[in-house]
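S.K.: Given next are the chains, with one letter for each unit.
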Amino acid sequence: MSSVRVLVGTRKGAFILRSDAARKRWRVDGPHFGGWEVYHVKGSPVDPDRIYASQTSAWFGQLIQRSSDGGKSWEPVGNAFAYDGVPGTHQWYDGTAHPWEFKRVWHLEPSLTDPEGVYAGAEDAALFRSADGGKSWQELSGLRGHGSGPRWQPGAGGMCLHTVLLDPANPGRIFIAISAAGAFRTDDGGATWRAINRGLRSEHIPDPTAEVGHCVHRIAMHRSRPQVLFMQKHWDIMRSDDAGESWREVSGNLPTDFGFPIEVHAHEPETVYVVPIKSDSEHYPPEGKLRVYRSRTGGNEWEALTKGLPQRDCFVNVLRDAMAVDSLESCGVYFGTTGGQVYASRDGGDSWSAIVRDLPAVLSVEVQTLA
Amino acid sequence: MIQVVLPAHLRTLAGVSGAVAVEVGGRASARAVLDALEAAYPVLCGTIRDRGTRRRRPFVRFFACGRDVSHEPEDDPLPEAIASGREPFLIIGAIAGG
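Residue numbers (the working numbering), protein chains in the order written: chain A, 1 to 371; chain B, 1001 to 1098.
Source of the hints: derived by calculation from the structure; they are not laboratory data. For every residue, glycine included, the Cβ atom is placed at its ideal position computed from N, Cα and C. Incorrect hints may have been included.
What the hints assert, rightly or not - Just the calculated beta-carbon pair ranges, DEER-fashion:
hint	chain 1	residue 1	chain 2	residue 2	range
1	A	A58	B	R1054	14 to 22 angstroms
2	B	R1054	A	D132	21 to 29 angstroms
3	A	R357	B	A1008	23 to 31 angstroms
4	B	G1026	A	E75	29 to 37 angstroms
5	B	E1072	A	R357	45 to 53 angstroms
6	B	R1054	A	S353	46 to 54 angstroms
Whenever a hint applies, use it, and build me the whole structure from the sequences.
M.R.: Encoded structure:
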């Protein structure tokens, strides 16, 4: 019988939530790495018992943890993230040149074909790859070597590489996104990269349609259509139908098009979820109502999903990596809040319930559907 | 043997309880203690000193015989009481944040 495992990273540790396919009763296991920030936890699609976790702390730096038994036990692996060659500089908040400095790993993306393969998206923005289960890491420095690197600038949360999408149909193609540089794509496994930001418009930067400098918050794709991408930008929901060559806005009737996560339904490639947030200075939902919005038309037309979600006095945020879907027949949708709740829907978003309510602030949510 | 007391999170990480004893060849200095500690517990590499620069992480402090030696040159000799193992070398996570 199928079951579901929800991997939750929080400000003070990782938690693993388990349920059978009914998704009615959940067992909460954790905290793992209690007291540490866990930015992301994600399992290998090839071997679901292989899970990687990014454990970090302002005191003690970065660790990568690895489990080979579905999160029951963990072993620390490599934490030597060294930029390739002379790191050079990027732009600091005041416009001056600032040296590249490794701070933490925001996102871990396991290989689609090899449980020992995993990518790490880092702050300051860089993409690293491990071919030995996280023991050693090599930078794919062609990304930072893209000519625009010295013009990249951190967003308010730091200059983080937070999105890594591997193209299931094209092993050489990877999409990444950086706050606040924008989206980039490689077609040769990471050797060379190009900015894919045509069509983005950001009024808060000197040139609103610049090649780089856009604060992309997250990108999502459906694995059956990797050329179709959905983006939550700082402001604006965007869509690309040509693997990022061009983008068009699909914010449509949303109450606000600011937000962080964006996710695609497991079985319906035109069904997309976002969580509108009031503004970039007020990181909470409009009117104190926590609403997920769903589009079944690939954008533009959005409906509010509210059943089971707090509709008054709710002022939490949902961070960029804190939404995911399962792949059971009736698609489950999950998201975590900065208030420590993890909400789940067993019916594609029609209704919701909190499967755990009082965790530390949730940084990331990933879901594994187990056979 | 030099006795080293780690902060709780690093004791958990290293899988130890209480003080750990490390052997330092030659003169006992903060650098020699940390080198020996990292050699005995490689999982601690990068947690006390930055992996690249080898400099003390900003929120980590070193104490010897009740004195903060965090800002002293890493190759300065530690007090005899530390070198002989009568007093522990303390590695502390600074009180910062929440």
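S.K.: Does each hint fit the structure? Answer for all of them.
M.R.: Hints and how they fare:
1. A:A58 with B:R1054: 14 to 22 angstroms: With a Cβ separation near 19 angstroms, A58 (chain A) and R1054 (chain B) satisfy 14 to 22 angstroms, so the hint holds.
2. B:R1054 with A:D132: 21 to 29 angstroms: 24 angstroms, holds
3. A:R357 with B:A1008: 23 to 31 angstroms: Because 28 angstroms falls inside the window, the suggested range holds.
4. B:G1026 with A:E75: 29 to 37 angstroms: 33 angstroms, holds
5. B:E1072 with A:R357: 45 to 53 angstroms: 48 angstroms, holds
6. B:R1054 with A:S353: 46 to 54 angstroms: Once the Cβ atoms are compared, 50 angstroms apart, the range 46 to 54 angstroms for S353 (chain A) and R1054 (chain B) holds.
Consistency note: the structure conflicts with none of the earlier hints.
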